[in-house]
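Novice: Here is what each chain is made of, one letter per residue.
2 protein chains.
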Amino acid sequence: MSSLEEYNVKRAALIAEDRALRIDHARASNHTATEIQADAIVRRIRKEEAETIWAEEHDDVPHPFPGMEFLTGKHIILKTKLFQLLSKMPKGALLHAHLDITVNGRTLLDLALQHAAIHIRAPVPINAATILSVSPEFGPQAPAFVSIDSSLCAKEYVPGTWVPLRIARENFDPSLGGKDGFDKWILSRMSITPSEAYITHNNNIRIWDKFREAIIFATPLVYYYPLFEDYVRSFLLETIADGVSYIEARINFSAKCMVGVDGLENVPHRDWLITIDKVVNEFKENLRQQGREDDLIGIKIIYTIIRHYSVSELEWYLEDCLALKKEFPHLIAGFDLVGDENILRPLIDYLEPLLAFQKRQKELGLNVPFIFHGGETCGDGTKADVNLYDAILLGTKRIGHGFSLVKHPKLMEICREKGIAIEVCPISNEILRLTASMTMHPLPILLNNGVPVALSSDDPAVFQNMGLSFDFFQVLAASEVTGLLTLGHLARDSFTHSMMDDSDKERAMAAWDRRWTKYVQEIVDLDDPIHD
Amino acid sequence: MSSLEEYNVKRAALIAEDRALRIDHARASNHTATEIQADAIVRRIRKEEAETIWAEEHDDVPHPFPGMEFLTGKHIILKTKLFQLLSKMPKGALLHAHLDITVNGRTLLDLALQHAAIHIRAPVPINAATILSVSPEFGPQAPAFVSIDSSLCAKEYVPGTWVPLRIARENFDPSLGGKDGFDKWILSRMSITPSEAYITHNNNIRIWDKFREAIIFATPLVYYYPLFEDYVRSFLLETIADGVSYIEARINFSAKCMVGVDGLENVPHRDWLITIDKVVNEFKENLRQQGREDDLIGIKIIYTIIRHYSVSELEWYLEDCLALKKEFPHLIAGFDLVGDENILRPLIDYLEPLLAFQKRQKELGLNVPFIFHGGETCGDGTKADVNLYDAILLGTKRIGHGFSLVKHPKLMEICREKGIAIEVCPISNEILRLTASMTMHPLPILLNNGVPVALSSDDPAVFQNMGLSFDFFQVLAASEVTGLLTLGHLARDSFTHSMMDDSDKERAMAAWDRRWTKYVQEIVDLDDPIHD
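Residue numbers (full-length UniProt numbering), protein chains in the order written: chain H, 1 to 532; chain E, 1 to 532.
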């Protein structure tokens, strides 16, 4: 062997050893010929589009690149063949999404307009000078509420007066765009705009201010019980259409009641779950009738509250969670604390009640595992980063985000060995400014270290990444190592990392396998000129 | 033990195990009481300033934070006590700096103004409409060159005509700021401005365009041999003043000759080295006379060329490098290829000549190790990322940047075990948009994995981070794990990772130890109210 040949043998061996822990390498021998062919086609298209669509200059996007800032690049993503292909892929389970922040503003506003009880108010009259800075507020009112059919834009509008939503929309000043201007205004307050993410609020501290505002603004609509059923229906419809077949959604149970049809805050948590159960069963029945049972295996709920309560307040929620688990054992999948880890309370603050919660479960014969957020931060040794130690020590089944996990060699080893999956939310991390673009995201570090990963969307209502196609796209576009087969393994493994019991997991994977086989065959068929 | 106590014992053990590979943990038992006290003082000051100086809003910096974008935050850094303390620290060796891109624009322009031969020209007359977009050019002329004392701003200026630099400056249009306006214009073209880095060129592809332009613009001054001696002097002066006591500077030898006093390109590489030798000896003698021998141990040169040559061109340079090593064995420390790895040629393209180079060294009894750039990229599996495999297989002694190394578990293991240090350039990486701020930089991953690291400045002329204080500051500000003692270990280890022989390394470390002991004592003394 010449020294060059020798070198190339050593080189191939080193690269293989470096990638040995990756799922796509560890399982390479099991790939079918069709899978390998589909993967190659997708890699070819990715390369072609990197050199064409992504190399074009745009007036509004002066220097695009694959994996670029999502809010700026989304309209380019939508033009790619790569995205079209991914949108048809069976995605597996969606394991990290906050149900109350999933349905996009347009749909939510349309739903709200169907309810005469929904009102809106503003702290000053809306005009060209105030529209960008003023924070309006939604509020459902009791049926007996007598409202004045005013306009938020009228000079004589009395600040703080509730105006029926439909009326406010109809009467919106034509100079501000009339109804369309109203919708645009409302929608921009429900999501994060490119200029907010990438200019005015371009760091992780500032962007949370806007993120929080957007959530608080939409909350009175989402938590209006007469609207909630349609909200859940819309979420399921879009998610299933995107190829997701199982969901573990986090619900923020911080509010103890939703507002009911009588305008009072009196609809307790159990009614929320009853509604979810009802909608899911209706979906399953519909799909069954269409012979599409494989498209929805089920949905479970992770009980979450904001990480700002006192210990005694937390204790009330923990008991509430156990009571719901007892009544809806098939539905409650775990417990979590949410909110900005950088500024709210760390897990260690709640050590005592959380340990007591585990003890109490044993006494009651219940099982509500922790599925904690942790390390959603750029901090190194900060309380948000240190949450990772506590999440793992408390036995978390998965880790929400785990963005800073890659800094912790021992914790990565533990996650790999114990199968603790990291719920990685690429677009969320980027819009919340933990990473400037997908090309800087630490995901490849997790993959190359064999740490289990479940790609997730987090808060599609605000990030505009409904389903999983957009997050899958960003991951695929930003790497030359990751391919379609990597995404396939991630999708299939998501069932393994779910809280389903073993028989449901098997059923879910068998269903996914059927869809996947069809999917890779279609990629190959479509690409074959003979079939054109 | 209660379950809480038990938990806390386990927790402390897990954190310790996770950090066991860090130099500051592995060597914790050797820290003196004074070192521990100085470290605590620095941590206290960092915390105080995070809550005061960094929490203030500024009109020009709406949301500052420790470790923020350097070009925007530099004036805030300069206000901190933390920076004042770091600027006095003995820094050890500077192992990654491109000598031809070190001296700041102001000094370089002042040096150029001392040489009547230096001229400047522009492709159009300079006025308010053209000043921002036009690229001027420097050119040293022969003594006999007859130039017209024109103005670049005159309507009748003939595009491309050489104007003496001093005249061009004096005649600069008062409406453009006159001499000050001229200087401002020239300096902005020699460095990267905040709005370029963070707005107009805000990604790694675009910013290289500006970076390259700035280097090309300054090159005719730096490579003007009559100016070079003062250039090297200025570099050494500022670097030593910042506490650096040993340097391995990369020089770009792509140009085969500098321009001499006769205006001709006829000063070969060996003369460059003779000049460096002369200046260094002069410095050493000066420092000796002041009893400051510890302040400069020496300087070595890493021979570099741009990674765009053909194989046969490269062969010429490799032979040239060996000839210089033979004549200046104490000076030539290694060989490297430089330039944007994302678009220029990867190491694997040069495999044959590089292997032959190693063979040839054995024949000649010379030793010029590779000290390669590698992985200066956000790419995953791209040619720039893959360079890391080849750098390591070719036996590189250190890795320049290695930004993407953290994605490669096997390569990190090899670097740790073989002691291959990563020349980490925090501010360079941030300004060249590999990371949006220091808080997103992968350095903590390297430290926590026990990979050797040498902090470096890269190109201070363009990045405005002369010395090592600014890079040390960013590292310290962006972490709550890293402390003064971590920086101390990094500084001391930099000698270990240098190409000095063992006796020089020992001498350098002993000198550093003396300065360090004094330094930590001063921190403690200054902080002690009794001493105030």
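Bear in mind the hints are in silico, worked out from the structure with no lab data behind them. This structure is a prediction, so every number in the text was calculated from the model and none was measured. There could be a bad hint or two in this list.
Have a look at the derived ranges for each label pair, beta carbon to beta carbon [stated by the list, open to error]:
| id | chain 1 | residue 1 | chain 2 | residue 2 | range |
| --- | --- | --- | --- | --- | --- |
| 1 | H | D525 | E | E6 | 41 to 47 Å |
| 2 | H | I205 | E | R292 | 28 to 34 Å |
| 3 | E | R292 | H | G419 | 57 to 63 Å |
For lysine to aspartate or glutamate, the following EDC-like pairs were computed, each having C-alpha atoms within a straight-line distance of at most 20 Å [stated by the list, open to error]:
| id | chain 1 | residue 1 | chain 2 | residue 2 |
| --- | --- | --- | --- | --- |
| 4 | H | K88 | H | E238 |
| 5 | H | K179 | E | D493 |
| 6 | E | K505 | E | D493 |
| 7 | E | K10 | H | D349 |
| 8 | H | K410 | E | D493 |
| 9 | H | K383 | H | D340 |
| 10 | H | K383 | E | E17 |
| 11 | H | K518 | H | E5 |
| 12 | E | K359 | H | D39 |
For glycine and all other residues, C-beta sits at the position ideal for the given N, C-alpha and C.
Novice: Are the hints correct? Go through all of them and say.
Specialist: Here is what the structure says about each hint:
1. H:D525 x E:E6: 41 to 47 Å: violated (60 Å)
2. H:I205 x E:R292: 28 to 34 Å: With a Cβ separation near 44 Å, H:I205 and E:R292 fall outside 28 to 34 Å, so the hint is violated.
3. E:R292 x H:G419: 57 to 63 Å: Cβ of E:R292 to Cβ of H:G419: about 59 Å, so the range 57 to 63 Å holds.
4. H:K88 x H:E238: Since the Cα atoms of H:K88 and H:E238 sit roughly 13 Å apart, the hinted pair holds (cutoff 20 Å).
5. H:K179 x E:D493: The hint is violated at about 67 Å.
6. E:K505 x E:D493: Holds, because 10 Å separates the two Cα atoms, which is no more than 20 Å.
7. E:K10 x H:D349: holds (16 Å)
8. H:K410 x E:D493: violated (24 Å)
9. H:K383 x H:D340: Distance of about 11 Å is within 20 Å: holds.
10. H:K383 x E:E17: holds (18 Å)
11. H:K518 x H:E5: Violated. H:K518 to H:E5 sits at ~41 Å, over the 20 Å cutoff.
12. E:K359 x H:D39: Violated, at roughly 41 Å.
Violated hints, in rising order: 1, 2, 5, 8, 11 and 12; the structure is consistent with all others.
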